[in-house]
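Asks: Sequences are here, hints too, so could you generate the full structure?
Residue strings, one per chain:
2 protein chains.
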Amino acid sequence: MRSVSILGVGITPFGARPESIVALGARACRAALEDAGLPPGRVEAFFLGNFAGQAFAGQNHLAPLVAHAAGLGPVPSTRVEGACASGGLAMRQGVVAVASGEADFVLVAGVEKMTGASAEEAAGVLAAAGDCRAEARVGATFPALFALIARRHMHQYGTTREALAAVAVKNHAHGLLNPNAHLQREVTRAQVLDARPVAEPLGLYDCSPISDGAAAVLLCPSERAGDFGQRPVRVLASAQAADAPALADKRDITRFEATSRAAERAFRQAGLEPPDIDLAEVHDCFTIAEIVALEDLGFYPKGEGGRGALAGETALGGAMPVNTSGGLKAKGHPVGATGLAQIHELVLQLRGRAGPRQVPAAEVGLAHNLGGSGATCAVHILASAG
Amino acid sequence: MRSVSILGVGITPFGARPESIVALGARACRAALEDAGLPPGRVEAFFLGNFAGQAFAGQNHLAPLVAHAAGLGPVPSTRVEGACASGGLAMRQGVVAVASGEADFVLVAGVEKMTGASAEEAAGVLAAAGDCRAEARVGATFPALFALIARRHMHQYGTTREALAAVAVKNHAHGLLNPNAHLQREVTRAQVLDARPVAEPLGLYDCSPISDGAAAVLLCPSERAGDFGQRPVRVLASAQAADAPALADKRDITRFEATSRAAERAFRQAGLEPPDIDLAEVHDCFTIAEIVALEDLGFYPKGEGGRGALAGETALGGAMPVNTSGGLKAKGHPVGATGLAQIHELVLQLRGRAGPRQVPAAEVGLAHNLGGSGATCAVHILASAG
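Same order as they appear, the protein sequences are chains C and W.
Letter 159 of the first sequence, counting from 1, is numbered 159 in this note's numbering, and no numbers are missing.
Letter 174 of the second sequence, counting from 1, is numbered 560 in this note's numbering, and no numbers are missing.
Keep in mind that the hints were calculated from the coordinates and are not lab data.
Treat the hints with caution; some may be incorrect.
Claimed, not checked - Label-pair restraints from in silico Cβ distances:
no., chain 1, residue 1, chain 2, residue 2, range
1, C, Gln191, W, Gly525, 43 to 53 Å
2, C, Arg189, W, Arg523, 44 to 54 Å
3, C, Gly101, W, Arg610, 16 to 26 Å
4, W, Gly615, C, Pro275, 45 to 55 Å
5, C, Glu223, W, Gly487, 13 to 23 Å
6, C, Gly226, W, Arg610, 30 to 40 Å
7, C, Gly116, W, Ala402, 27 to 37 Å
8, C, Asp252, W, Asp613, 34 to 44 Å
9, W, Glu586, C, Asp249, 45 to 55 Å
To be verified - Sample of chain W residues lacking proximity to chain C, with all beta carbon distances greater than 10 Å (derived):
no., residue
10, Glu405
11, Ala576
12, Asp580
13, Lys688
14, Met706
The C-beta atom is built at its ideal place from N, Cα and C for all residues, glycine as well.
Replies: Dropping the structure here:
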């Protein structure tokens, strides 16, 4: 298999956007091509991460529509779906296409347009990412499922409400530095703790917002990456795993085995260990999810992930900054776009182009994208090409 | 890239099924594993073709759910969507995974459960496979789009209403021989011509039915295919192409350029030409679609595809039998399953196990799976391993 590099990245502002879902996706695609300096006609294959285009925006079969709008021509165009990990899975299919020699220039995008739905409608659409017959049917939408996980984590390891709040405070502070973030405002720990409850112990500021947005990544073989203007970023690992979809089928709801399995494979592929990672974008759909992810990825022992934000270790300036983009929490979570927005942030950081949120001397970054309540996980490790 | 073979195939009966969408998918998976003689724990990756699980059956994120129900364990599980070509695209991702060395044993399935919807609801869900802003918004659902194509084909090439009817008569006659077909009954040309109009010139018998069903295929490297009981079938080609999604954006609505492009690539990969094909399963969502496909694939000059069924050339016993399974027309068209049901039929034929519908001495078969009104196309060529 060939080594794969990232030649260009593109993103739209996240938030309530006026464009159609197709126009959003095409905009991110064009931005990635422009960043790479590659004309659209040279793209050989296109993968699109999207979770629920039909339910949210009335349009299915989105891959050829976005490809057509982006001027890619008649290249094989494939939509990939794995709930909130749709973007990460699309990235992985793109990496395999280049690594295998199937294609040289592969564009991968992710898109979701969600803000046309009411909060209640959105919760219903999102609930279809879980095991509906076991969970949504009895009212267990995602805030409820992650509230169960938070309660159990608090009970089992003594994690505090303050530790959850610290994740929100940190990611909002990061998001304030990201001009594409949906929520560009600071919140205080008191505001998080006093916010309207959504599913206790989770309050409004423990939940990622409903957003529109798109992100895209252009891949090529590393041996050709030097021919273009941008400083390329290498894909050291691309791994994926699954797990039982329903919480009730898991042995321990304080851990996502899909994450630990995907992370183990990714670290093995890269020949690295958790301490080698300079920064990470992890799937903080809820504050508790960031804490669980940091443990499952091997950055903290199980039960101690809350320390990251509480002690400032995962903030900008800390030992290993997490979610410098603002994370899903503040950047926003247009579901299909999220996995590629994570890659976008890592690429900016590894190029040294992240502006006021730049992590000094960032050389290796990890992206963790979770689908449902842990049924799907994609982990990517990227490195600056020096 | 490694040569890829098919080790096992499985299918459920098509029609109105009592099982849940997850149970249907899992049933086809287990049948393919059993056919191959491979325990589920040896599967290394899973791809699922599904078009609209959420809209039709209230469940998205289906790949890990079906994988879990089929006992596959935590293997990477990815849903692939390309409208009515979802199954063909999933097949192609599976072939790339094995060919590249990413995995040895890869299971690919397709599933759809549609009969819970009314005919009107189903037309609405299916319309989201087209360019909704250009077509569905003005009432152009798929029967209307294919009626336009039929009218134009009749106008441009003198194709007759009888030629369309002959496709329906032939495929119903084939479906009568397939115990898994949704519609196991003969129709006469008079019945087809006198049937209730759906979108003129297309009547009820020119349209494939709304069906539930699933099909699955187990892939492995050809070099390992001999270790198992079944006679393996080789994948000689796996190709995909796209085109402008809206009919209004096509240069000529009597041809699908996605089909001709995918076919050209597939024949090049296989080192074969149309006359080398012994039988084909083509995407006859409407009778006119079979005629257009036979032309775009290179089996007939443009405008002459109607001759196939009219002259008996594409019937069992003819020079190149087409849709021996009954096709989408009579076998049924559970959208996500269709591409894999086509592969299932070819494998039975190439193994010499197709019973009363066996094509004598069948050695090379082609499957053609179309998405939307030609925005996506997948073409596979299979050969008996001798």
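Asks: Tell me if the beta carbons of Arg189 of chain C and Arg523 of chain W are separated by a distance inside 44 to 54 Å.
Replies: Taking Cβ atoms as reference, Arg189 of chain C and Arg523 of chain W lie about 48 Å apart, which means the hint holds.
Asks: Is 27 to 37 Å a correct range for the gap between the Cβ atoms of Gly116 of chain C and Ala402 of chain W?
Replies: Check passed, 33 Å falls within 27 to 37 Å.
Asks: Taking the closest pair, is the beta carbon of Glu405 of chain W still more than 10 Å from chain C?
Replies: holds (12 Å)
Asks: State, for the Cβ atoms of Gln191 of chain C and Gly525 of chain W, whether the hinted interval 43 to 53 Å holds or is violated.
Replies: The hinted range 43 to 53 Å holds for Gln191 of chain C and Gly525 of chain W, with Cβ atoms some 50 Å apart.
Asks: Find the nearest Cβ of chain C to the Cβ of Met706 of chain W and say whether that gap is larger than 10 Å.
Replies: Met706 of chain W clear of chain C: closest Cβ-Cβ about 27 Å, beyond 10 Å.
Asks: Test the statement that Lys688 of chain W is away from the interface with chain C: the closest C-beta pair must be farther apart than 10 Å.
Replies: Non-interface label on Lys688 of chain W holds, nearest chain C Cβ at 18 Å vs cutoff 10 Å.
Asks: Once the closest CB in chain C is found, is it more than 10 Å from Asp580 of chain W?
Replies: For Asp580 of chain W, whose nearest Cβ neighbour in chain C is about 34 Å away, the distance exceeds 10 Å, so it holds.
Asks: Using the beta carbons of Glu223 of chain C and Gly487 of chain W, state whether their distance is inside 13 to 23 Å or not.
Replies: holds (19 Å)
Asks: For the hint 45 to 55 Å, verify it against the beta carbon of Gly615 of chain W and that of Pro275 of chain C.
Replies: The hint (45 to 55 Å, Cβ to Cβ) holds, given that Gly615 of chain W and Pro275 of chain C are roughly 49 Å apart.
Asks: Quick check on a hinted range of 45 to 55 Å for Glu586 of chain W and Asp249 of chain C, using CB atoms only.
Replies: holds (51 Å)
Asks: Taking 30 to 40 Å as the stated bounds, is the beta-carbon spacing between Gly226 of chain C and Arg610 of chain W within them?
Replies: holds (38 Å)
Asks: Within 16 to 26 Å or not, the Cβ separation of Gly101 of chain C and Arg610 of chain W?
Replies: Taking Cβ atoms as reference, Gly101 of chain C and Arg610 of chain W lie about 21 Å apart, which means the hint holds.
Of the numbered hints listed earlier, not one is contradicted by the structure.
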